[in-house]
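Novice: So you can see what is in the structure, the chains are spelled out below.
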Amino acid sequence: MVEQGGGGGAMSFLKRFPPPADGVRHQQPDTEALLAGRSLGSGTLYIAESRLSWLENSGVGFSLDYPTISLHAVSRDLSAYPREHLYVMVNAKFEEETKEAPMTEEEGDDSDDDVEPIAEFRFVPSDKSALEAMFSAMCECQALHPDPDDEDSDNDYEGDEYDVEARDGMEVDIAPVVAGQFEDAEVDH
Amino acid sequence: MGHRDRRTPRVAAPPLPAAGGAGRGAGPRVREGRGSAGQRAGRRRRRLCVQGLAHGQGLLRVRPSRRLSPAPVPSPCPAAAAMEVSHSLKERTIAENSLVILLQGLRGRVTTVELRDESAAAGRVTSVDAFMNVRLAQVTFTDRRGAVSQLDELFVTGRNIRYVHIPDEVDIRAAIEEQLQAIHRVRYFGGRDKGRSEFPHAKHK
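Going line by line, the protein sequences match chains R and P.
With the first letter of the first sequence counted as 1, position 182 gets the number 182 in our numbering; the numbers rise by one all the way through.
With the first letter of the second sequence counted as 1, position 154 gets the number 1154 in our numbering; the numbers rise by one all the way through.
No wet-lab data here; the hints were simulated from the structure.
It is possible that part of the hints are untrue.
Cβ pair distances, simulated, as ranges [as the list claims (entries may be wrong)]:
| id | chain 1 | residue 1 | chain 2 | residue 2 | range |
| --- | --- | --- | --- | --- | --- |
| 1 | R | Leu78 | P | Gly1146 | 17 to 23 Å |
| 2 | R | Tyr81 | P | Arg1124 | 47 to 53 Å |
| 3 | P | Gly1146 | R | Asp30 | 40 to 46 Å |
| 4 | P | Gln1138 | R | Ala36 | 23 to 29 Å |
| 5 | P | Ile1172 | R | Gly59 | 36 to 42 Å |
| 6 | P | Pro1167 | R | Ser12 | 27 to 33 Å |
| 7 | R | Ser12 | P | Glu1118 | 41 to 47 Å |
| 8 | P | Arg1173 | R | Ala185 | 44 to 50 Å |
| 9 | P | Asp1168 | R | Ser58 | 50 to 56 Å |
| 10 | P | Arg1173 | R | Ser63 | 29 to 35 Å |
| 11 | R | Ser58 | P | Ala1174 | 54 to 60 Å |
| 12 | R | Ser63 | P | His1184 | 39 to 45 Å |
| 13 | P | Glu1178 | R | Ala36 | 40 to 46 Å |
| 14 | R | Ala21 | P | Gln1150 | 34 to 40 Å |
A quick note: this is a predicted structure, and the numbers were derived from the prediction, not measured.
Heads up, the beta-carbon is just placed ideally off N, CA and C, and yes, glycines get one too.
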């Protein structure tokens, strides 16, 4: 059993919140969470469409928003890390007790620290066979959050055509949302 | 009293999906053009454009030019040939208009993806979606400090990709053309996941 002061001052980003109720694609109990090698305890990982959440058995935990997650992976290479786990890399900083900036401190490059904060989480389920399902659920949820910075369609729009797959160029494709929408249209017979 | 000799139907946006998790900023946006439906009849869009390579944002970058349909429903990858095409109209449209279509043609091939943070992942491409999210299998991952490890599967978001290596043996033009053909097969010859294959006739007829 991991003795962890999760609710205390050690890991200040841990909060108490109810587990997600909607859109939970996968839920994995008995999963240990680690941040930069430090264990946060054992709890349940919730892979929900809105965010990734982990709650320790005591009820405290944290959530990660998908846009901040740069990659996730299944690691079974025991020589790299002794337990099979789901690895999640996040573009964000998380406070740690030791106040040690993970990794970037060694490089002594301050600008790097500002531009690219990275936090590494590992989720180690007691049931290793669940890793595939956890990975796939995360892929699905990530796909629901396309990068908003990439959406420049407003700039590109030419005001002319929009539906490549329209059969004969007709604009109307769906039943009118507004009742009587076309009533004021004039028709020549 | 004005006399209008043509109808200008107002376009209604398709209803948003009821399920939670709609992609951010990806709501349907259907816009009406200036002309009437009559003018546009028979004209079909047949445009392939390279949306551009944005400096510093990646060698091959998605530039979605349209938001046509609700947020893409992530689809599981059924066992399929390399010519698998997205089930989402929106994703097919995005792919058709950007070089991500080339990356989608790399499915099944082993290549290297370099990330923005200077780490790199070499593995077999399982899939690439329209947002350039890449899923790799049997990965050798080199982190930004140079430490190497093996990962069974890896998913990296398009936003965090700097480069995707195109293997030497890949004929780039052929790969693009094959992907386009796969999209066109879905579009013109129907299929289960073809987007909107029928249109209700104008109600006011």
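Novice: If a hint holds in the structure, say so; if it does not, say that too.
Specialist: Here is how each hint holds up against the structure:
no.: 1; hint: Leu78/R - Gly1146/P: 17 to 23 Å; verdict: holds, 20 Å
no.: 2; hint: Tyr81/R - Arg1124/P: 47 to 53 Å; verdict: violated, 22 Å
no.: 3; hint: Gly1146/P - Asp30/R: 40 to 46 Å; verdict: violated, 34 Å
no.: 4; hint: Gln1138/P - Ala36/R: 23 to 29 Å; verdict: holds, 26 Å
no.: 5; hint: Ile1172/P - Gly59/R: 36 to 42 Å; verdict: violated, 54 Å
no.: 6; hint: Pro1167/P - Ser12/R: 27 to 33 Å; verdict: violated, 46 Å
no.: 7; hint: Ser12/R - Glu1118/P: 41 to 47 Å; verdict: violated, 29 Å
no.: 8; hint: Arg1173/P - Ala185/R: 44 to 50 Å; verdict: holds, 47 Å
no.: 9; hint: Asp1168/P - Ser58/R: 50 to 56 Å; verdict: holds, 54 Å
no.: 10; hint: Arg1173/P - Ser63/R: 29 to 35 Å; verdict: violated, 45 Å
no.: 11; hint: Ser58/R - Ala1174/P: 54 to 60 Å; verdict: holds, 57 Å
no.: 12; hint: Ser63/R - His1184/P: 39 to 45 Å; verdict: holds, 42 Å
no.: 13; hint: Glu1178/P - Ala36/R: 40 to 46 Å; verdict: holds, 44 Å
no.: 14; hint: Ala21/R - Gln1150/P: 34 to 40 Å; verdict: holds, 37 Å
Consistency with the previously given hints fails for numbers 2, 3, 5, 6, 7, 10, ordered from lowest to highest.
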